[in-house]
Structures are given as C-alpha cells and as structure tokens.
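Q: Residue-level listing of the chains:
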Amino acid sequence: GEQVEQLPSILRVQEGSSASINCSYEDSASNYFPWYKQEPGENPKLIIDIRSNMERKQIQELIVLLDKKAKRFSLHITDTQPGDSAMYFCAASTGNYKYVFGAGTRLKVIA
Amino acid sequence: AQTIHQWPVAEIKAVGSPLSLGCTIKGKSSPNLYWYWQATGGTLQQLFYSITVGQVESVVQLNLSASRPKDDQFILSTEKLLLSHSGFYLCAWSLRTGGYEQYFGPGTRLTVL
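These protein sequences, in sequence, are chains A and B. Start counting the first sequence at 256; every next residue gets the next number (the working numbering). Start counting the second sequence at 586; every next residue gets the next number (the working numbering).
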C-alpha cells in the first residue's frame with residue numbers, strides 16, 4: 256500500500272524566516288495531498304491541500320508544491336511566527352477513502 | 586455549520602475490559618466517516634471508513650471494530666482492551682461527493698492500564 260515519508264522530523268527556524276517540510280509518496284495513483292497542523296493536546300486542523308491537477312497552491316503564508324514526476328510534495332511557511340510552532344503532518348490519498356499520513360514534523364519557531 | 590462531537594473526552598480503562606467510543610456529526614447529510622488512532626507523539630493511523638449507514642471498511646487490524654448505526658453516528662469498540670490501544674482516537678468526516686478534505690473531531694484520549 257501507499258507509504259508517505261516526511262522530513263525533517265524536527266525543524267527549528269528563526270522568527271521571520273521560512274520553514275520547509277518535504278514529503279514523498281510511492282503510489283503514482285495518489286491524487287490528493289493535504290497538510291495538517293496539530294497543537295499539543297488538540298486535533299489536527301487542515302491548513303492547506305493540493306490535488307494532482309495542480310503544481311502550486313498558496314494560502315497567505317502557506318505554499319504547497321507538488322512534483323508528480325518525482326512523487327514529492329512540500330509545504331513552505333514564509334515569514335514564520337511563534338504561533339506557527341506545532342506538529343505538521345502531510346498525507347496522501349488515492350481518493351478511495353484511504354489516507355496515509357507522514358510521521359510528522361515538529362516545527363519550533365524561535366523568537 | 587457542521588459540528589462533530591466525540592465522546593467520551595477521555596477514558597481510563599483496564600486491560601481486558603470492553604470499550605465503546607462514539608462520534609456524531611451534525612449539519613452534514615450522509616458524510617463519509619473515518620476513525621483514526623494516534624499514539625502519543627506519533628502519526629495518524631487510519632483504522633476504518635464508512636460511506637453509508639451499516640457499511641464499514643477496515644483499513645488496519647488492531648483488534649478493534651466499528652459500526653455506523655445511523656447516518657450521523659460512528660462507533661468504535663472492542664471487547665478486550667490491550668495496553669497497545671492507549672492513545673488518541675480521532676473521528677473525521679468528509680463530504681459524500683467530491684469529499685477529499687477531511688475534518689477531525691476533538692478526539693478521545695484513552696489510557697489503558
């Protein structure tokens with residue numbers, strides 16, 4: 256079945272700089288790639304997603320890139336703030352009601 | 586607006602005891618429903634999904650079962666808890682048609698002793 260690798264597992268950045276998280280998947284049939292932000296003790300919140308008919312999507316300071324040939328997608332957070340500190344998960348789905356999540360990235364924004 | 590409610594909020598149970606966790610979604614007609622498990626500090630593992638009442642598909646075997654007795658209700662259960670069942674259980678929903686986006690409920694924290 257599908258497997259999703261997510262790196263890095265821990266990311267520390269200075270406030271105001273950019274943070275990048277990378278994910279790769281195995282199943283070329285995957286066509287939906289969401290990103291979730293999870294604060295300690297809370298449920299994951301969908302922050303941005305991209306479908307396979309797109310290569311780039313931006314919502315405010317969040318940018319997602321998708322490279323279908325390389326089977327990679329990435330999240331870029333520009334101008335990071337302390338409130339961006341959290342756990343981030345990528346996921347992939349082939350649209351068959353099954354979703355596979357990456358291991359997660361703990362982002363720490365240092366003031 | 587849709588609301589998703591999970592019960593109980595937290596549970597402490599003994600090994601070998603039964604378990605029943607519930608999830609209700611209001612404000613959406615015939616949603617797709619999902620159960621996930623998350624170990625402390627770990628990733629999200631999909632357990633089950635359901636696209637209609639009475640129909641549940643298993644994604645991974647963890648000695649758990651699920652049922653969908655009503656359109657807006659999803660139940661996760663087991664007759665005998667294991668220590669490895671401890672963790673955070675999350676219910677999620679997506680739209681019936683074109684529904685790729687998943688939205689998670691508040692979760693139930695389960696501790697098995």
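Hints are computed from structural coordinates only; laboratory data are not their basis. The beta carbon of each residue, even a glycine, is placed where N, CA and C say it ideally should be. Worth double-checking, as some hints may not be accurate.
As the list claims (entries may be wrong) - Below, computed lysine to any residue pairings styled on SDA-like, alpha-carbon distance capped at 25 Å: (1) A:K300 - B:K665; (2) A:K353 - B:K598; (3) A:K363 - B:Q630; (4) A:K300 - B:P691; (5) A:K353 - A:E316; (6) A:K300 - B:G607; (7) A:K353 - B:R694.
Unchecked claim - Taking beta-carbon pairs under 7 Å as the criterion, some of the chain B residues facing chain A (in silico): (8) W592; (9) P593; (10) L629; (11) S643; (12) V644; (13) F689.
To be verified - Going by beta-carbon spacing under 10 Å, a handful of chain A positions derived as facing chain B: (14) V259; (15) Y291; (16) G296; (17) E297; (18) P299; (19) L301; (20) D304; (21) R306; (22) Y354; (23) A358; (24) R361.
Q: Taking each numbered hint in turn, which are not upheld by the structure, reported in ascending numerical order?
A: Violated hints (numbers, rising): 1, 2, 5, 8, 9, 11; every other hint is consistent with the structure.
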